[in-house]
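**Q** Go ahead and model the full structure; you've got the sequences and the hints to work with.
There are 2 protein chains.
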Amino acid sequence: MNSPPGDHTVPHMTGSEFRALAHRMADWIADYWERAESLPVRSVAKPGDIMAQLPVSAPENGEESWEAVFADLDRIILPGLTHWQHPNFYAYFPANASGPAVLGDFLASGLGVQGMLWATSPACTEVEQRMMDWMGKALGLPDRFHFRAGGSGGGVIAGTASESTLIAMLAARDRSRRHGGERLVAYASDQAHSSVIKAAMIAGLATSADDREGVRLIRTDDQHRMDTAALVETMRSDIAAGRRPFFVHATVGTTGVTAVDDVSAAADAVARTTTGTGAAGGVWLHVDAAHAGAACVCPEFRWMLRGMERADSFCFNPHKWLLTNFDCGCLWVADRGAVTESLSITPEYLKNAASDTGGVVDYRDWHIPLGRRFRALKLWFVMRHYGLQGLRAYIRSHIALAAEFESLVRADARFEVASPRTMNLVVFRLRDGDQATRRLMDRVNDSGKAYLTHTVMPRGGPLVLRLAVGGVRTQRRHVRETWELISRLAGS
Amino acid sequence: MNSPPGDHTVPHMTGSEFRALAHRMADWIADYWERAESLPVRSVAKPGDIMAQLPVSAPENGEESWEAVFADLDRIILPGLTHWQHPNFYAYFPANASGPAVLGDFLASGLGVQGMLWATSPACTEVEQRMMDWMGKALGLPDRFHFRAGGSGGGVIAGTASESTLIAMLAARDRSRRHGGERLVAYASDQAHSSVIKAAMIAGLATSADDREGVRLIRTDDQHRMDTAALVETMRSDIAAGRRPFFVHATVGTTGVTAVDDVSAAADAVARTTTGTGAAGGVWLHVDAAHAGAACVCPEFRWMLRGMERADSFCFNPHKWLLTNFDCGCLWVADRGAVTESLSITPEYLKNAASDTGGVVDYRDWHIPLGRRFRALKLWFVMRHYGLQGLRAYIRSHIALAAEFESLVRADARFEVASPRTMNLVVFRLRDGDQATRRLMDRVNDSGKAYLTHTVMPRGGPLVLRLAVGGVRTQRRHVRETWELISRLAGS
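Line order of the protein sequences matches chains A and B. The first sequence runs 223 to 714 under this note's numbering. The second sequence runs 223 to 714 under this note's numbering.
Mixed in with the good hints, there may be bad ones.
Copies of the same chain are indistinguishable here, so a pair counts whether it falls within one copy or spans any two.
What the hints assert, rightly or not - Using 30 Å as the maximum straight-line C-alpha spacing, the simulated DSSO-like pairs for lysine-lysine come out as follows: (1) K359 / K268; (2) K359 / K671; (3) K268 / K671; (4) K359 / K573; (5) K671 / K573.
The set of hints was computed from the structure by calculation and includes no laboratory data.
**A** Now the structure itself:
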């Protein structure tokens with residue numbers, strides 16, 4: 223420690239080294255996207271396989287060369303990946319990584335700015351505000367959710383839909399409590415995403431994942447949509463028992479089968495139940511369109527948004543099916559004051575002249591983290607590169623492919639479509655039953671040629687396979703080849 | 223909608239277009255890092271400046287060329303940024319973006335895998351487990367926080383310290399409640415980060431930022447450390463009043479002045495207070511070293527970790543001062559079961575054979591989001607590129623520069639050092655008082671040559687300036703030039 227001040231040899235990467243390595247990484251990524259198709263979709267790794275190939279400690283000295291790093295990508299990392307960018311990845315929901323988005327993310331990493339306050343990098347906030355307006359308009363969201371309308375609405379990039387739902391629930395919880403609400407109850411359909419229950423657990427409104435006092439799961443109809451008559455009935459019965467409904471979560475595109483709750487009917491249910499019943503502070507209607515919201519860039523899918531003008535918040539994730547790589551979850555609220563009232567706290571070291579005026583948006587007050595990266599860049603790049611017409615063509619191409627796959631399933635007597643297709647997800651099974659269906663799934667996935675996942679239909683229904691068409695590189699030939707594979711492995 | 227299936231013209235970027243644009247973006251970033259020094263550190267933008275330059279709607283058609291995009295980066299974005307990568311950025315705490323980390327982030331974007339479950343990409347989970355062990359060992363954390371120890375401990379990349387603290391608090395809350403805890407109380411020093419109060423608000427334990435029933439802020443001593451005698455006294459008084467202490471938050475390196483709470487004394491306080499007092503389920507001791515934790519790569523700073531073997535969790539953010547760009551917040555816990563018990567919920571569509579065995583880590587149960595990107599890659603690249611010796615040299619270089627700056631302040635009769643320097647943060651003021659000190663800060667920041675922020679010392683103390691030396695590109699000449707600037711602008 224007797225060396226002169228600052229005279230410590232730090233092996234920083236030079237500018238020319240960075241350029242060369244970043245070019246190489248760009249090429250590696252482009253190659254990966256091209257060769258992904260030749261790799262087994264689902265990783266064949268066994269637990270511990272990857273860890274066993276990594277030293278137990280960090281190296282004392284830095285790398286003499288990056289050759290070893292690139293070699294390890296092929297040797298250790300690739301076999302340990304399930305390739306979400308493989309054109310035959312049909313599992314869960316897609317996780318799009320497009321060229322323009324990856325460029326935007328790369329730029330955000332390089333700029334390395336923090337957008338916690340307007341003042342800490344005004345462009346990081348203002349581009350995000352504008353992109354949320356662009357995207358809100360692209361989806362056809364009502365004016366009340368847009369900054370440009372000059373009212374109390376606006377949007378934020380909030381990471382994931384889990385976080386968006388939590389933020390909406392916190393704002394609803396606190397608004398209700400400010401009006402004296404106690405024994406609060408949230409409502410969602412029995413097909414809603416697990417993040418509703420997780421949010422209630424985090425917010426202290428459910429004591430466990432099985433606690434149904436704080437979160438009521440409303441039964442669904444024969445199309446797997448929330449039964450709004452049952453919603454009314456349950457809310458009324460809770461009010462009669464001294465509980466306070468505070469949050470209704472409508473799902474536009476369930477994870478299981480892409481069922482679409484009727485937002486307008488949910489809004490009616492809220493209005494009919496809470497008028498004159500003493501639920502002052504109102505019930506917050508949150509609409510979760512995490513995956514399916516992307517389809518609203520096409521006018522023919524905006525029927526899903528009927529009733530949105532009476533909702534309090536809406537979320538969807540461009541990082542699923544809209545070409546923008548993770549993480550990019552969008553949340554719009556009609557009353558941004560309700561959100562910031564729940565999440566704002568200002569210590570001295572964050573005080574600044576711009577925030578004091580109240581005339582700027584400080585996004586740290588809209589979500590859990592304080593720090594935030596410049597995620598709006600990737601939305602900007604995606605919308606400029608594709609244009610709205612390109613986004614619509616993209617969504618329509620997948621829906622057409624899903625329709626084609628569905629027709630192939632319907633034409634084969636061994637199979638049945640287990641749930642009506644609303645968009646890009648085909649839910650199907652073998653008539654031979656659960657065991658045969660699961661065996662088929664395992665065979666398909668074990669083949670390495672395609673990857674799909676399962677779910678179980680509501681009320682003890684059968685096990686079904688889910689094929690979600692939504693990959694950036696998924697073309698017609700992939701879907702047709704996958705059907706041929708499935709058909710062959712199904713046996714006779 | 224009569225076009226043949228899948229026959230929608232989507233203007234995807236081709237592989238060769240991506241290669242060319244990504245090379246160009248890499249060069250743009252390298253250029254930016256080189257020329258950042260010539261730009262005004264703090265953005266000169268006024269509210270609305272950036273938004274006014276962006277169209278109100280997304281384009282209908284995609285870009286004919288990316289020339290316009292790159293031109294807009296220089297024309298619209300750069301003037302709207304505060305340059306956190308400028309070598310004379312000394313405000314808040316640093317937000318490091320190093321070459322190796324940006325390469326790792328770029329790769330994560332390109333791979334586009336999801337690590338919510340082990341099964342959804344085993345390498346994404348196992349590399350992260352190993353990196354958390356590497357980093358935990360690099361810092362000198364006790365074995366109980368390491369996976370390799372084979373016990374119940376382990377680490378996770380959790381976004382930000384705000385999220386880490388929330389996760390720890392939720393695990394503590396639920397553990398206490400399982401033991402019958404009610405009227406729970408959390409404790410932190412009056413210098414702790416605002417995220418403690420925010421976490422309590424989210425968890426439903428504080429009704430507002432000013433609610434001191436659920437979060438007690440313990441007074442600090444003359445070195446701004448939590449007064450553990452006062453902590454004991456407050457906990458005892460709460461227990462006597464029927465409240466239940468459940469969470470003690472010790473800060474290793476406060477945001478204001480980098481004061482270091484005595485973790486060992488905090489652990490003693492917890493032990494002395496809760497033994498035999500009925501606080502069954504115990505009190506969770508969380509250690510928040512968000513910024514200063516980075517210094518523990520150097521053995522000479524591990525005195526800060528004394529007592530860690532009795533703590534329940536520890537967090538620090540490599541995305542501040544350890545060369546790994548945002549977001550990369552690390553959280554270690556001694557009992558990972560307590561975390562997953564709070565945050566786990568498994569719907570049918572996420573069930574899989576590997577998770578059913580219980581033999582793998584499913585990181586979605588360790589934090590708020592479900593989706594997660596492959597953030598461990600950047601930690602891997604940073605540790606391999608720099609090696610532990612390189613990381614130590616980096617930390618030591620900044621601390622030496624801060625010491626040099628401090629000695630320049632001390633040698634000038636107009637100034638005083640307002641708080642003892644523990645690491646890389648110098649806290650100082652003009653003897654002429656608050657008004658003169660604030661005027662000096664504004665002059666420095668308005669000059670565009672350097673950027674620093676202020677805080678107010680505890681108990682109505684004076685306004686002070688904070689100069690945090692921690693930039694990737696900050697060299698001795700920058701710190702000396704900044705002192706000359708400050709000295710000149712301070713007047714006589």
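**Q** Work down the list of hints and note, for each, if the structure agrees.
**A** We went through each hint and held it up to the structure:
With identical chains, the CA atoms of K359 and K268 are at most 30 Å apart between copies only, with a shortest distance of 26 Å across copies and 46 Å within one. In the homo-oligomer, the alpha carbons of K359 and K671 never lie at most 30 Å apart, since the shortest distance is 39 Å inside one protomer and 40 Å across protomers. For a Cα distance limit of 30 Å, the shortest separation of K268 from K671 inside one copy, 19 Å, qualifies, whereas the shortest one across copies, 54 Å, does not. In this homomeric assembly, K359 and K573 never come within 30 Å of each other (Cα to Cα): the closest approach is 33 Å inside a single copy and 37 Å across copies.
In this homomeric assembly, K671 and K573 come within 30 Å of each other (Cα to Cα) only across copies, at 21 Å, whereas the closest approach inside a single copy is 55 Å.
In this structure, the earlier hints numbered 2 and 4 are contradicted, and the remaining ones agree with it.
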